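Numbered per full-length UniProt numbering, the sequence shown finishes at 206, counting up by one with no gaps.
It is worth saying that the hints were derived from the structure and are not from the lab. Keep in mind that a hint or two might mislead.
In silico EDC-like cross-links for lysine to aspartate or glutamate, where the CA-CA straight-line distance does not exceed 20 Å [what the hints assert, rightly or not]:
#1 K67 x E86
#2 K160 x E177
#3 K67 x D96
#4 K160 x E134
#5 K133 x E92
#6 K67 x E88
#7 K133 x D189
#8 K133 x D173
#9 K133 x E163
#10 K133 x E86
#11 K133 x E153
#12 K161 x E134
#13 K133 x E88
#14 K67 x E53
#15 K161 x E186
#16 K161 x E129
#17 K67 x E92
#18 K133 x E77
#19 K161 x D182
#20 K133 x D57
#21 K67 x E99
#22 K160 x E136
#23 K133 x E156
Model, not experiment: these values are computed from the prediction.
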Amino acid sequence: MDEDDAIEALEHLGLSNYEAKVFTALQRLGTGTARDVHRATDVPRSQVYGAAESLQDRGLVEVQQSKPIQYRPVSLEAARSHLRGEFERTQERAFDYLEDARQQRGEGDERREDIWTVHGRTSIDGRAEQLLKEAERRIVFAVGRDARGLTNELAELLRKKAESGVEVIVVGDTTLEEHFADTGIEIADPRPTLRRATTRWAGSSW
């Protein structure tokens with residue numbers, strides 16, 4: 001990571017561009033005046049004062065009231081702690097609002113069975129687990145040939161949902177019998193023209 005990357009990262013953590021540049025420059029200087037910081041960066045000298053004052057308010061810079069004024073960054077450990085705290089508080093406020101907004105959706109809103117596209121094995125498995133856990137009434141889960149795409153974790157979630165009373169339909173070939181025997185889970189044949197679309201299996205558990 002170079003200096004530009006570090007400045008960009010600090011901006012993602014909530015600092016303005018000038019604040020990030022001043023803070024980075026002070027790490028190199030140790031202690032410096034507005035003139036020193038200006039010479040070490042492209043921040044106008046008149047803007048150094050405001051950026052340094054803002055950094056002081058955030059607990060990232062200490063100021064010595066001398067002539068000229070001297071600025072010194074706090075330790076990296078302290079800076080990390082301050083920025084982490086700010087980030088977590090900001091995140092909490094944002095997600096508190098999002099949760100409130102989510103709960104304001106009408107309970108009587110029409111429910112739809114939508115199709116979502118997710119890419120990447122990890123993302124797909126994670127999204128599938130989330131949807132299975134949230135399902136309350138009905139699950140239709142399709143897998144590839146030889147149960148491809150059905151992990152042990154997903155299979156266990158499907159069984160637990162069926163046990164809890166959720167209607168579970170798994171679309172796939174006959175290899176699914178060994179996974180869902182005696183679970184009440186409905187196995188749907190993806191080739192309805194060749195045989196009946198669904199069969200309910202019974203037998204020993206997997």
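Here is how each hint holds up against the structure:
no.: 1; hint: K67 x E86; verdict: violated, 32 Å
no.: 2; hint: K160 x E177; verdict: holds, 17 Å
no.: 3; hint: K67 x D96; verdict: violated, 46 Å
no.: 4; hint: K160 x E134; verdict: holds, 12 Å
no.: 5; hint: K133 x E92; verdict: violated, 23 Å
no.: 6; hint: K67 x E88; verdict: violated, 37 Å
no.: 7; hint: K133 x D189; verdict: violated, 24 Å
no.: 8; hint: K133 x D173; verdict: violated, 24 Å
no.: 9; hint: K133 x E163; verdict: holds, 13 Å
no.: 10; hint: K133 x E86; verdict: violated, 32 Å
no.: 11; hint: K133 x E153; verdict: holds, 12 Å
no.: 12; hint: K161 x E134; verdict: holds, 10 Å
no.: 13; hint: K133 x E88; verdict: violated, 26 Å
no.: 14; hint: K67 x E53; verdict: holds, 16 Å
no.: 15; hint: K161 x E186; verdict: holds, 12 Å
no.: 16; hint: K161 x E129; verdict: holds, 11 Å
no.: 17; hint: K67 x E92; verdict: violated, 41 Å
no.: 18; hint: K133 x E77; verdict: violated, 39 Å
no.: 19; hint: K161 x D182; verdict: holds, 14 Å
no.: 20; hint: K133 x D57; verdict: violated, 44 Å
no.: 21; hint: K67 x E99; verdict: violated, 50 Å
no.: 22; hint: K160 x E136; verdict: holds, 12 Å
no.: 23; hint: K133 x E156; verdict: holds, 11 Å
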